[in-house]
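Sequence lines, in order, name chains A and B.
Counting from 1, position 191 in the first sequence corresponds to residue 191 in my numbering; the numbering is continuous, with no gaps.
Counting from 1, position 100 in the second sequence corresponds to residue 100 in my numbering; the numbering is continuous, with no gaps.
Warning: the hint list may mix true and false statements.
To be verified - Quick list of the computed label-pair ranges, beta carbon to beta carbon:
1) B:Ser131 - A:Arg241: 52 to 60 Å
2) B:Glu19 - A:Asp278: 16 to 24 Å
3) A:Arg218 - B:Ile13: 22 to 30 Å
4) B:Pro18 - A:Ala34: 57 to 65 Å
5) B:Arg11 - A:Cys4: 53 to 61 Å
6) A:Gly112 - B:Pro18: 39 to 47 Å
7) A:Gly262 - B:Ala127: 16 to 24 Å
As the list claims (entries may be wrong) - From the derived model, a few chain B residues whose C-beta atoms are all more than 10 Å from chain A:
8) Glu19
9) Cys153
10) Arg154
To be verified - Examples of chain A residues lying across from chain B (beta carbon under 8 Å, computed):
11) Phe86
12) Ser134
13) Ser194
14) Gly223
15) Arg237
16) Pro240
17) Arg269
18) Ala273
19) Gln277
20) Asp278
None of these hints come from the bench; they were simulated from the model.
All values reported here derive from a predicted model rather than from experimental measurement.
C-beta: ideal position from N, C-alpha, C; glycine also.
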Amino acid sequence: MTTCLARLNRLAWPAGLSFSAYGVRVGVRVTDPAVMDEVVARLPIGWKTRSSPRVDHLVSLVVGDREPRRGLTRLHLVYSGAVRAFRTRDLTEALQFLEYHLEEFVAQMAPGRVFVHAGVVGWKGKAIVIPGASHSGKTSLVAALLEAGATYYSDEFAVLDARGRVHPYPRPLRIRDQDDLGRRVTADALGAPSGRGSLPVGLVASTRYVAAGRWRPRSLSPGEAVLELMSHTVTARFRPREVLRVLGRVALRASALKGRRGDARETARSLLARIGQDSGA
Amino acid sequence: MAVPRARGGRRFIVQSLPEETLVYDVDRSRAHCLGVVAASVWRRCDGRSSAARVAAAVGRETGRAVDEAAVWLAVGRLAEADLLEPNVRTPGGRSRREWLKEAALVGGLAVVSITAPLAVEAATCVANCSSRPDGPGNCGAIPCCPPASGNCCRQGGGHNCACKNGACNP
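Could you build the full structure based on these sequences and the hints that come with them?
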């Protein structure tokens, strides 16, 4: 055990939790039990409590002073293993960092799963996967697809298994308005059902919102589709062999389109029509 | 004139699809999609075989009418993708456009490349860190979108946010 972790372990840890998500075992502990509910509310999608304290990764939150004090104010600290990853005067910010850190860790380490940064909806037994960078308009397109009757799977990650099937990652949609981080809206609040089981991918739609743009996509070959998906894959560098194998399976079964888009509703209608054609063919 | 050698001493992961080959360069974190003819040419880039000989072998393998022009066009694209030993020499006196014209009817010559993202590049990020509104938790403490780098952190104890490399420090 490193000296730093040994020193950290000497602190009092009155509350904590061992959980697993997508096969990754994580421990979270806090120095103030009053924040535990807020921590639990920010655990990754699909988390389940574990009774065993053995974990792959340990995250520690040292809660500082809620209000500034005269003299020395104790900061809120987040440790990733033995490494101090974050410190701040703002507890909300510390909790946000914790949430982001846990989500990313699970996405990187999940055994047998490939996480692609993408929006996903289900339609007539097939999934539409929309890979894209942050701020490319994934969420607004997912919302438009839900409005058109699709089933919600994710607005953050396409979680693919070894067969290339996509699993739900039903984090509430993060709809951005003036606040760049966005407000959270559940699919239920949008009147859309959430998917439960895995689906084969029927269509990969790589698109970016451009004001006054029109959706006139070009078809991608399976190899190009793999590169498009890989450009947004969390473990592309970390586990490239597995990533190529899984994405290859997706691309061989799915159609793939790429292009800029304008209005989300118009694009959503076009995507649903396209996947309907492919399914009927 | 002999075709150049494929890159040696690099770790490649190769995955075949029906009409394409995916090549991942582990050392450079680059992924390439080679058309069927380009892939076949790459496999035959041994630094010894003549372009005519490679063209014949590729033609037999792919069932396409591949000529020397197509081989040199593929060589040029493979070299651009850094899949061949450096300082590739091609027959002089012809431009890329002329090779392209001659090889126009041969499909499968495409070479498409990407740089594999870092984990942080394939995740949610903050686009306008410095213009974020005042208030607790508003900086987000998550990565800034490219071209900025680092995390969107609170600045100097106030409510202003800025992208900072490394851990946020108040």
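Just to be careful: measuring from the Cβ of A:Arg269 to every Cβ in chain B, is the smallest value less than 8 Å? violated (27 Å)
Hey, is B:Arg154 genuinely clear of chain A, shortest beta carbon separation above 10 Å? Its Cβ does come within 10 Å of chain A, the nearest being 6 Å, so this is violated.
Given hint A:Phe86 near chain B, where the shortest CB pair must fall under 8 Å: Cβ of A:Phe86 sits 5 Å from chain B, so the hint holds.
Given the range 16 to 24 Å, decide if the beta-carbon distance of B:Glu19 to A:Asp278 lies inside it. With a Cβ separation near 19 Å, B:Glu19 and A:Asp278 satisfy 16 to 24 Å, so the hint holds.
Please verify that hint: A:Pro240, Cβ, nearest Cβ of chain B, below 8 Å or not. Check passed: Cβ of A:Pro240 comes within 5 Å of chain B, closer than 8 Å.
Does the hinted range 22 to 30 Å hold for A:Arg218 and B:Ile13 at CB? At 27 Å between Cβs, range holds.
Just checking, B:Cys153 versus chain A, shortest CB gap more than 10 Å? Check fails; 8 Å does not lie beyond 10 Å.
Take a look at whether the Cβ-Cβ distance between B:Pro18 and A:Ala34 falls inside 57 to 65 Å. holds (59 Å)
Just tell me: holds or violated, for the beta carbon distance of A:Gly262 and B:Ala127 against 16 to 24 Å? At 20 Å between Cβs, range holds.
Take the shortest C-beta to C-beta distance between A:Ser194 and chain B; is it under 8 Å? violated (20 Å)
Does the nearest C-beta of chain B fall within a distance shorter than 8 Å of the C-beta of A:Ala273? The hint is violated - A:Ala273 has no Cβ within 8 Å of chain B, the shortest such distance being about 27 Å.
Quick check on the hint: A:Ser134 CB to chain B CB, less than 8 Å? holds (4 Å)
The structure fails to meet hints 1, 5, 6, 8, 9, 10, 13, 17, 18, 19, 20 from the earlier list, while all remaining hints are met.
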